[in-house]
Amino acid sequence: MSRSQRTAAFIAGRLASVVLTIAGATLLLFLMVRLVPGDFTSVMLGPRATPELRAQITHDMGLDRSMLEQLWLFTSRAATGDFGEDVVSHRPILDIVLDVIPNTLALAFSALALALVVGIPIGVIAALRPGSWLDNGLALLSISLITTPTLVVSVILFLIFAIGLHWLPVAGAGDPGDLVDRLRHLILPSVALALGWVGYISRLVRAALLDTLAELHVRTLRAYGVSEYRIVGLYALKLALVPVVSILGIGLGDLIGSSVVVEIIFARPGIGSLIFNSIAQRNFPVVQACVVFIVAFYIVANLVVDMINALLDPRIAAGRG
Amino acid sequence: MAISLRDLSVDYTLPQGTAHALRGVSLDIRKGQMLGLVGESGSGKSTVAFALMGLLANNARVTSGTATIEGRSFDLTKRNATADLRGRGMAMIFQDPMLSLNPVFTIGTQLCEVLRRRAPGSDRKTRVAMAQDALAKVKLSNPQRRMNQYPHELSGGMRQRVVIAMALLSEPALLIADEPTTALDVTVEAQIMREIIGLRDRIGCAVLLITHSLGLVTEYCDAISVLYAGEKLESGTVKEVQRQPGHPYTRMLFDCEVPIDCERHADASENRFTVIAGELPDPRQRPPGCIFNGRCDVSFEDCAVIDPGDYPIGNHAGHSARCLRLQTP
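Residue numbers (this note's numbering), protein chains in the order written: chain B, 1 to 321; chain R, 1 to 329.
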């Protein structure tokens, strides 16, 4: 097989596993939600609801059917993108989720981009002179950033830049039609979400770079007079990014998890705050739809991660990595 | 003399103390010639190579040493003294071709990187053409396709050819080959040595071949230097040293070689390996007298007390050995 054929086969294999994983995760999720004790209708409607209204809601949510029937309805509908209608707002659940998803994606990706843009150079600088005061200083900074919870960082940023200095807006996602306003609303939440990752990525890059710089091919480049900047910033960095990218794929789940906190503090509409509010209301169909989307996002993100790694390291596509 | 190295001493700082890896080693290599530097593991032969290149490990320190390369002198005690020569005046071929190329860049990219330095100002197209030409010169099949391949798609011998092509592109005055065939199949050894000889003849550079194989030295080298525990015990032309080894250690090394043809070598008919009894002395504390005294089979009382000098052997200029028995009263 040629190299491009091998790469195509690799990607096709990964795509097939994505479909299976989403199906498996959906099934697990469905069963877990059904395992939660308590009556959805009594939580949502309160103790004073009439039996007729309860029966109506139970029927609307399909809760009067058998488990297997419910599972079949949920999966067959979910497969076509139909998650049913929300009993509270009477809007299709899909629309509710799709409304907030762009906000969360913007937050997650801007935070990730920020973390990479700041974290990688810090890691490279630290690896250039291991053991120097600069390296030690950056290590202290990175570890401080990693160990400070997102919750604390969010509140501090919020108090300083939004409440104290009035530089940036306090809450919300901004006027939907105004891009500048939306970006201004994005700054604080994405910085809050990114800071821990800056520390994490810089430590990862530093460690991976130092490992790579000890390899013999680096000596070859040095023997042929290639400048240290090109060796570290190009030849070693490309190789060092492979493990970093792999860990990023796993860490994206954490990023979505932390976005729940950030979205609540900054009162930002998003999938995190939607899940939070829906759980508070015991509106499980919405929670279920949200989590399906998060699982799908996580899996697709990891697929992208694998593809990026196959591009970075040809041995992975060749099945030897 | 194209290349001369004078009085090279290197220390390694180890948790157990300071190890003196090299003590006052001097070498001379003529232009267009190949010098074989032989010695057992731990004798310091690779340290000579890396001290010349300025690529010693961080815990190593050059305490003395001067290199003269094409008329320019370099004080090796200064870190990066020869940095300017890397990839232009000096090139190196390494022991493990499986590990000496970057796995995530194509052969072409890595060869062109060498040319960024050797041929500054050249455009990409010229560099690609030059790199491809170099691959053809080291007899790598299908050079155009190899340019876009990654190291893992090539065998060890092919990868070593790529490194030789790198050396060829950098047109050095001194080529250092550090055990270039040790990690390869014996069948590939002769091919790789032929390419190194071809490179030398094409460029007219001096070659320092570092090896533990006397067979390789007697077959391909013009001159030989024998290193033992960080000291040079003998040097001369391969012909002279082979005919009349001046140092007991050199003689014992030749005895250790396993002759292929049993009829010509009566001793080998018993199919026994000859070994040199004993071990290398502690590199942290040099014993007084001759460094080889502990393992020598012809030593006498003075050997444990008097430091031997380099005494000439016969009338042949350049053949000398560090053994008191050669001292003429």
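Where hints are given, some of them may not hold.
Beta-carbon label-pair distances, calculated as ranges [unchecked claim]:
1) R:N148 to B:G253: 33 to 41 Å
2) R:G204 to B:G233: 53 to 61 Å
3) B:G233 to R:T77: 26 to 34 Å
4) R:K139 to B:P102: 57 to 65 Å
5) R:N148 to B:A12: 18 to 26 Å
6) R:R124 to B:L15: 31 to 39 Å
7) R:G215 to B:L141: 53 to 61 Å
8) B:G253 to R:R124: 37 to 45 Å
9) R:R286 to B:T148: 51 to 59 Å
10) R:E70 to B:A214: 26 to 34 Å
11) R:E70 to B:L141: 25 to 33 Å
12) B:V152 to R:T18: 25 to 33 Å
Far from chain R by the CB rule (all over 12 Å, computed), these chain B residues [claimed, not checked]:
13) Q5
14) E215
15) A236
The set of hints was computed from the structure by calculation and includes no laboratory data. Heads up, the beta-carbon is just placed ideally off N, CA and C, and yes, glycines get one too.
Handout entry: Indices of hints not satisfied (ascending)
Key = 2, 11, 12, 14 and 15
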